[in-house]
Every structure is written in C-alpha cells, then in structure tokens.
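Trainee: Residue-level listing of the chains:
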Amino acid sequence: EAGVTQSPTHLIKTRGQQATLRCSPISGHTSVYWYQQALGLGLQFLLWYDEGEERNRGNFPPRFSGRQFPNYSSELNVNALELEDSALYLCASSLGTGYQPQHFGDGTRLSIL
Amino acid sequence: GIQVEQSPPDLILQEGANSTLRCNFSDSVNNLQWFHQNPWGQLINLFYIPSGTKQNGRLSATTVATERYSLLYISSSQTTDSGVYFCAGGNQFYFGTGTSLTVIP
Numbered sequence: 001e002a003g004v005t006q007s008p009t010h011l012i013k014t015r016g017q018q019a020t021l022r023c024s025p026i027s028g029h030t031s032v033y034w035y036q037q038a039l040g041l042g043l044q045f046l047l048w049y050d051e052g053e054e055r056n057r058g059n060f061p062p063r064f065s066g067r068q069f070p071n072y073s074s075e076l077n078v079n080a081l082e083l084e085d086s087a088l089y090l091c092a093s094s095l096g097t098g099y100q101p102q103h104f105g106d107g108t109r110l111s112i113l
Numbered sequence: 114g115i116q117v118e119q120s121p122p123d124l125i126l127q128e129g130a131n132s133t134l135r136c137n138f139s140d141s142v143n144n145l146q147w148f149h150q151n152p153w154g155q156l157i158n159l160f161y162i163p164s165g166t167k168q169n170g171r172l173s174a175t176t177v178a179t180e181r182y183s184l185l186y187i188s189s190s191q192t193t194d195s196g197v198y199f200c201a202g203g204n205q206f207y208f209g210t211g212t213s214l215t216v217i218p
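So the sequences go chain by chain: C and F. Numbers 1 to 113, taken from our numbering, label the letters of the first sequence in order. Numbers 114 to 218, taken from our numbering, label the letters of the second sequence in order.
Okay, chain C solo, but in the shape it has when bound (with noise of 0.2 Å):
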C-alpha cells in the first residue's frame, strides 16, 4: 500500500513569490493535514480537509491556504512568501471524519531566499 506522498520534495522560493505544494494520502483515506515544521518552533497545525470541506485551521495567516480535491489529494498554496516561512512541510492523511491515527508523508521542505 502507498502511503502519504508529498510533492515537490524541495522548493526554492524567492520573498514575495507563491508557493504550491502537493499531498497525496493513502488510499482510502479521505482527511488530509497540513502541518509547518519550522526550525526552533516545532510542528504546528496548519489546515484539516476532509471530504473537499476545510475542517480546521491553526493560528496561520491568511496567505496560507489550500483546498482538497475529489480524489481527496490536497494543495497547500502560500502567497507572499516571507523568510520566516522556510519550514519542513508535513502532509498526513487519515481515515473519515472525526479523530484518526494520522499518518505522515516524508514532507517538502521549502526554502525561502
């Protein structure tokens, strides 16, 4: 069975400029999480989509945003990119609705110049 992938596996970004990462869940899985783990700061929430409907949010400004599509694979999009937002990005996916053992891709780590 596949597990959680993530694309791109780097991303080298310049200030200002957008960002666009992908997530893959497990098959059968339909929630999918975004978390940001920054350097010094640990792993944060970031968004909670399951059935194409964002679930929850975390304590993340709004040029953070995604959507999750029909075949349950989702986008993490970041507008304005700032220094501060050079981070492992982690992607899980879960099983339905509701608190699920979440399981984890191997991240895109995205750096911001």
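No wet-lab data here; the hints were simulated from the structure. The beta-carbon is built from N, C-alpha and C at its ideal position, and this holds for glycine as well. A hint or two may mislead.
[Said to hold, decoys possible] Label-pair ranges, simulated between beta-carbon atoms:
#: 1; chain 1: F; residue 1: 139; chain 2: C; residue 2: 60; range: 20 to 30 Å
#: 2; chain 1: C; residue 1: 41; chain 2: F; residue 2: 140; range: 17 to 27 Å
#: 3; chain 1: C; residue 1: 8; chain 2: F; residue 2: 125; range: 29 to 39 Å
[Unchecked claim] Anything over 12 Å on all C-beta distances counts as not near chain F; from chain C, calculated:
#: 4; residue: 14
#: 5; residue: 20
#: 6; residue: 22
#: 7; residue: 30
#: 8; residue: 59
#: 9; residue: 63
#: 10; residue: 71
#: 11; residue: 94
#: 12; residue: 103
#: 13; residue: 105
#: 14; residue: 106
#: 15; residue: 107
#: 16; residue: 112
Keeping the supplied structure of chain C fixed, place chain F upon it in accordance with the hints.
Mentor: Then chain F, alone, in the frame of chain C:
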C-alpha cells in the same frame, strides 16, 4: 491553546536498556497520538491512544485521560529507536517539543 510538555527533553541509552517517556497536557484531549521522527525526518505513527494501554512489540503506551498524561515505554532499546518522540493531541493537534532519544551500541 493547549500546552504539551514532554519529558525528558533528551535521553541517551545503552542498547538493550528500557525507558519511559512522558507527555502532559494542560487540558483534556481525546485524540492523543505518539509519533517517532527518525534521523531522516520521517514521522511514524506509533500509537493512537486517547485512553487505556496499547502494546506493539517492544513499545507500549498508556494514557490516563482523567489526569491528562500519557507514557510511552520502550523496552530493550535498539539503535534504530534513535530519533525524536512526539506526542500530540487536541482540536488543533498540538505537538509537544519532543524527547530526543539516542541509543548507543
């Protein structure tokens, strides 16, 4: 938000030793999970344990939901157990700062 404290922050073990990692929450959570982040950065789900006790091989976990803490037990540690162990829970999936474990041969 909910505060998540993990202890100890760092742990060095000789291969074969046992250890107990602790996770305290400042408020009740009903979706507590334990994860292992290996030295390559991959996060592996170890347990989904809102309450009670679970075991998986050399690892086991116990959550006492009424007292807002969870324990992760590692027995007969191996070098492959090295990495950072995180607990997480709450409606915003709050993560602790982790316990960094190094197992030396």
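Trainee: Among all the numbered hints in the text so far, which are the ones the structure does not match?
Mentor: When the structure is compared with the hints, numbers 8, 11, 12, 13, 14 and 15 turn out to be violated.
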